[in-house]
Amino acid sequence: KQEVTQIPAALSVPEGENLVLNCSFTDSAIYNLQWFRQDPGKGLTSLLLIQSSQREQTSGRLNASLDKSSGRSTLYIAASQPGDSATYLCAVRYGNQFYFGTGTSLTVIP
Amino acid sequence: SAVISQKPSRDICQRGTSLTIQCQVDSQVTMMFWYRQQPGQSLTLIATANQGSEATYESGFVIDKFPISRPNLTFSTLTVSNMSPEDSSIYLCSVEETGQGTEAFFGQGTRLTVV
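The listed protein sequences correspond, in order, to chains F and R.
Take the first sequence: its position 108, counting from 1, is numbered 108 in our numbering, and each next residue is one higher.
Take the second sequence: its position 43, counting from 1, is numbered 1043 in our numbering, and each next residue is one higher.
Hints were generated in silico from the structure; no laboratory data involved.
By construction, the Cβ of each residue, glycine as well, lies at the ideal position given by its N, Cα and C atoms.
Possibly wrong hints are sitting among the right ones.
Here are the simulated lysine-lysine pairs, BS3-like style, with alpha carbons at most 27 angstroms apart [as the list claims (entries may be wrong)]:
| no. | chain 1 | residue 1 | chain 2 | residue 2 |
| --- | --- | --- | --- | --- |
| 1 | F | K42 | R | K1065 |
| 2 | R | K1007 | R | K1065 |
| 3 | F | K1 | F | K68 |
| 4 | F | K1 | R | K1065 |
| 5 | F | K42 | R | K1007 |
One-sided and incomplete, this derived list gives chain F residues near chain R with beta-carbon spacing under 10 angstroms [stated by the list, open to error]:
| no. | residue |
| --- | --- |
| 6 | V4 |
| 7 | N32 |
| 8 | F36 |
| 9 | K42 |
| 10 | T45 |
| 11 | S70 |
| 12 | Y76 |
| 13 | G83 |
| 14 | S85 |
| 15 | A91 |
| 16 | F100 |
| 17 | T102 |
| 18 | G103 |
Construct the complete structure from the given sequences, taking the supplied hints into account.
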């Protein structure tokens, strides 16, 4: 079974800081990797999609990188804001199967 | 990107009863997916629903407990039957779009509490 791990499980930072969330996966033969945001008790909002052939994707203050050989992806959030407080999930696709990490709960303190 | 409307957003139900969750998509999609997220856990796929055929269930999930309908290409329902407190979870429907790769989109989720 594929495993997707996210570290740290929780993170608290002051407003304005740049931060990095980590996602690791056991099998490098991925199809793509997707980062999501989840607010408490709510659904998932897609943030960034990285294809297996890509090294990074950017959207606004978010930048996601992918290193298949080491089985890692990072989500970089620049100039964090209190509105960024949420749980961030990474999901790795292998063929038709989607495997989710357990998420990193981020709190940005005003 | 696909817009998914899911109803209800939350509910508190008595054990032994059933709840039907609706999922409406603003475009036609071949497959719709139903996930469960138990408290403090990540997402687990319950089943994949194709229009015109029976849903395909993942290991550990059965049709009698989680019957699914897929009457057309924009709508699906998931019923949680004979509920127990262990069914308290967030239930999410999802679709995938293939453009520059296959991207998944999710509804707002249904937060179910069984008492």
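Hints, one by one, checked against the model:
no. : hint               : verdict
1   : F:K42 to R:K1065   : holds (23 angstroms)
2   : R:K1007 to R:K1065 : holds (19 angstroms)
3   : F:K1 to F:K68      : holds (18 angstroms)
4   : F:K1 to R:K1065    : holds (25 angstroms)
5   : F:K42 to R:K1007   : holds (12 angstroms)
6   : V4                 : holds (8 angstroms)
7   : N32                : holds (5 angstroms)
8   : F36                : holds (8 angstroms)
9   : K42                : holds (5 angstroms)
10  : T45                : holds (8 angstroms)
11  : S70                : violated (21 angstroms)
12  : Y76                : violated (20 angstroms)
13  : G83                : violated (18 angstroms)
14  : S85                : violated (18 angstroms)
15  : A91                : holds (7 angstroms)
16  : F100               : holds (4 angstroms)
17  : T102               : holds (5 angstroms)
18  : G103               : holds (6 angstroms)
Hints 11, 12, 13 and 14 from the list above are not met by this structure, while the remaining hints are.
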